[in-house]
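As a plain string of letters, each chain reads:
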Amino acid sequence: MRFVLKTHYGQDVDLFKHSGQRFWYAALAIMVGLAPWIMDDFYLGELSLVFIYAIAGIGLMLLVGYTGLVSLGHAAFLAIGAYSHAYLLGHGVPFPVALAAATLFSAVIGAIVGLPALRMIGIYLAVATLAFAIIVEQVLSHWESVTGGYRGMPVPEAELFGLSLMGSQTFYYLCLALLVASLLAALNLLRGPTGRSFIAIRDSEISASSMGIHLARTKSRAFAISAGFTGLAGGLFAHKLGYLAPDAFTLLTSIQLLLMVVVGGLGSLHGVIFGAIFIGLLPQAIAFLRDTLPPAAAQIPGLEPGIFGLILVLFLIYEPLGIYGRWRKIRLFFDEFPLYRSATYRRQKSYLRTERVR
Amino acid sequence: MDALLELQNVETYYGPIMAIRGVSLKVFPQQIVSVLGANGAGKTTVLKTISGAMDPRKGSVRFGGDAITARDPDQVARLGIAHVPEGREVFPFLSVDENLRMGAFTRRDSGVRGDLDLVYDYFPSLAGQRKLAAGFLSGGQQQMLAIGRALMLRPKLMLLDEPSLGLSPRLVHEIAEIIQRLNTEQKVTMLLVEQNAKMALEISHFGYVMEVGRVVMQDSCERLKSATDIQEFYLGMKDEGVRGRRRWKVRKTWR
Chain L
13 MRFVLKTHYG QDVDLFKHSG QRFWYAALAI MVGLAPWIMD DFYLGELSLV
63 FIYAIAGIGL MLLVGYTGLV SLGHAAFLAI GAYSHAYLLG HGVPFPVALA
113 AATLFSAVIG AIVGLPALRM IGIYLAVATL AFAIIVEQVL SHWESVTGGY
163 RGMPVPEAEL FGLSLMGSQT FYYLCLALLV ASLLAALNLL RGPTGRSFIA
213 IRDSEISASS MGIHLARTKS RAFAISAGFT GLAGGLFAHK LGYLAPDAFT
263 LLTSIQLLLM VVVGGLGSLH GVIFGAIFIG LLPQAIAFLR DTLPPAAAQI
313 PGLEPGIFGL ILVLFLIYEP LGIYGRWRKI RLFFDEFPLY RSATYRRQKS
363 YLRTERVR
Chain G
600 MDALLELQNV ETYYGPIMAI RGVSLKVFPQ QIVSVLGANG AGKTTVLKTI
650 SGAMDPRKGS VRFGGDAITA RDPDQVARLG IAHVPEGREV FPFLSVDENL
700 RMGAFTRRDS GVRGDLDLVY DYFPSLAGQR KLAAGFLSGG QQQMLAIGRA
750 LMLRPKLMLL DEPSLGLSPR LVHEIAEIIQ RLNTEQKVTM LLVEQNAKMA
800 LEISHFGYVM EVGRVVMQDS CERLKSATDI QEFYLGMKDE GVRGRRRWKV
850 RKTWR
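Which chain is which? The protein sequence lines are L and G, in order.
To convert a position in the first sequence, counted from 1, into my numbering, add 12.
To convert a position in the second sequence, counted from 1, into my numbering, add 599.
Chain L extracted, bound-state conformation (with noise of 0.2 Å):
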C-alpha cells in the first residue's frame, strides 16, 4: 500500500508520481543500458528493432490511442522516413541532419495527408490512409530515379561522431537513445494542452470545439507529429534493412504497426513498448518454439501466423485494454496489496461508457 503525498504543484506533472518508479526506471535504464555486454549480437539487433518498433508506435499511439484518428497506413511514413533518408545519405548528407530532414519530411507529408483527412471520421479515414500508402508503395515502384524501383536501394553506411552505424553497439545506443528521446517528446506533449486537446478531440469533438481547440489544426497537427515519428522510425529501419525496397512497406506493415498499439493496449505509452515487445519479439519466440516442439507438430506449415493471431484474438477477447491493461491491474494488486479488491475489473456485460476507446 503506497499513498502519495503531494506538497508542491510540480508534483501533479511529475514524469515519476513516487520514489518507486524512479527506482524501477532507473533499474530498468541500467538493464538496457548494459544489454550489450550481455548479449550477442543477434539478440542486440533484435532488440534494436523493436526499438524502432517503438519509436513508430509512439507515432501512431498519439494519432490512433491519443487523437483517435486511425490510420492504416503508416507503412508509407515508415517507407518516406526510410527513402528520404538514405536518398539525403546517399548524396553526402551527414548523417545527424539526414535523420532529422527525414523526420520533418515525414511530418511535412504527414500534415498535408491529414487535411483532406480532416473531413473523414472513423472506417472512412482508415480507408482514405490505405489509400494514401498504396499510392506511395506505388510512387516507390515507379520513381525509379529516386528510390531505384523494384530494384530497391541500397542505404549507404553512415558514421556518427566517427563510429561506423553499421556495428551492432553502436546502432543499439542510437536506436535507444532515440527512443528515451522520443518517449520523452511524447509525455511532455501529453502532459501538455497540445496533448489533452488531442485527448479532447477522441473523447467528444463538439465539446472539444466549443472548448476553442481548433478541430482542422489540432487534427492535422496530430498528424504532423504521429508522421515525424514514424519517418524517425523509418531512418533508423533503413539501416536496419540495410537494403530498401517497396516490399518492405506494405500493407502488411501498416497492419502489423496497428496491431502493435492495440495489442500493446490504447491510450498508453506503456501500451506502445509492450506491443513492440510482442510484435518484434513473438515471431522469434515462436521460430524457437518450433525447434523445440516434436517434428510432426513443426513442420505444420503456417504455425507461426497460425499461433501469432490466436494470440492476438485471445487478447483481444480477454484483455481489449492490451498488455497494458493486463499490467495495471497486476500493479494495482500489488500496490493496494493486502487490501486489494478482486471486484475492481470486473465487468458487466456490456460496455460501460468509461470503458469505451474509441
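Think of the hints as simulated: they come from the structure by calculation, not from any bench.
Where is the CB? At the ideal position from N, CA and C, for every residue including glycine.
One should not assume that every hint holds.
Said to hold, decoys possible - Distance windows between CB atoms, simulated:
| no. | chain 1 | residue 1 | chain 2 | residue 2 | range |
| --- | --- | --- | --- | --- | --- |
| 1 | L | Leu264 | G | Asp673 | 56 to 62 Å |
| 2 | L | Met223 | G | Asp671 | 35 to 41 Å |
| 3 | L | Ile135 | G | Lys730 | 45 to 51 Å |
| 4 | G | Ser737 | L | Trp36 | 53 to 59 Å |
Said to hold, decoys possible - Computed, partial: chain L to chain G, Cβ under 10 Å:
| no. | residue |
| --- | --- |
| 5 | Lys29 |
| 6 | His30 |
| 7 | Arg34 |
| 8 | Arg131 |
Using the hints provided, position chain G relative to the given structure of chain L.
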C-alpha cells in the same frame, strides 16, 4: 394478488462500486409504479438489472413467477419486458415506421399491423412522419417513438427510464398523459423511473424513493405526496420558519 415483477435484495456493481445495495421492490399487474431519487441513486441501474443489461451480484429478479436474474436482455424482452432506455436511443437512420417494426421484432403474430395503427393513434404527431428518418425527429417525438417502439412488443411490463428527460413542461405533461392512458386502456404495467417527482407521483399508483442505492421509502402515491420529506426534497415545498425564512438548522437525510 401475485406480483408481476419482484426484486429481492438485488445488489449490482460497476466494477468495485456498489451501485444498488439490496433493493427489493414489487410491481403488481396493471399498476404504474414509480422509482424516485436524486442523481446517482441507482434508479437506472435497477432498470438495467431487470432488463438484463447488467448482472446483479446478489439477489433475485422474478417476473411472473420465472426467475430472470442475469438472463440476457434479448431473452428478457421475449418474456414481455420492454425497456425504454434513458435518452431515447431510437435508431436514427431507420424511418419512424421501421423503428416501430423493430419493436415488434420478436413477434410472429398477425396483430403487428393493427398495433402500428394503434401507436399512431396514440401519437398522432408521429403519424405524419412515417417515412422520416428517426434522427430528424424532435426530442419529444423521439421519446414518443421510443415509447411507441416498446409498445409494439405488446409488453406485459414496460420499463420507462426518465421519459421526461430534456422535454418541455408541456411535452412532459403530454407524455405523462399518454403513459396513464396506455396503462388504463392497454393494461400495460409500468415501472417508471423519474427525476420529475411531481409528474411521477401524479400518474402512478405506488412509489419507491431511492437514495444512494437503497430504497428509503415506499408507499402509495397519495401518501407519498403528503409526506413532508417528499414535499421538501422532491416537490420543492419548504416549511418556513417563524422569521419567514427557511430554517436550515435541522437538515434531514436518510443516510
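Return the status of the interface hint for L/Arg131: holds when the least beta-carbon distance to chain G is below 10 Å, violated otherwise. violated, 20 Å
CB of L/Met223 to CB of G/Asp671, is that within 35 to 41 Å? Once the Cβ atoms are compared, 40 Å apart, the range 35 to 41 Å for G/Asp671 and L/Met223 holds.
Supplied distance hint 53 to 59 Å, evaluated on CB atoms of G/Ser737 and L/Trp36: holds, 56 Å
Do the numbers back the hint for L/His30, that is, is its least Cβ distance to chain G under 10 Å? violated, 23 Å
If I claimed the Cβ atoms of L/Ile135 and G/Lys730 lie 45 to 51 Å apart, would that claim hold in this structure? For G/Lys730 against L/Ile135, whose Cβ atoms are near 27 Å apart, the range 45 to 51 Å is violated.
Does the interface hint hold: is L/Arg34 within less than 10 Å of chain G, judged Cβ to Cβ? This hint is violated: L/Arg34 lies away from chain G, its Cβ roughly 29 Å from the closest one there, beyond 10 Å.
Outcome for the supplied range 56 to 62 Å, where the beta carbon pair is L/Leu264 and G/Asp673: Given range 56 to 62 Å: violated, Cβ gap about 38 Å.
Supplied contact hint for L/Lys29, tested at 10 Å Cβ to chain G: violated, 22 Å
Violated hints, in rising order: 1, 3, 5, 6, 7 and 8; the structure is consistent with all others.
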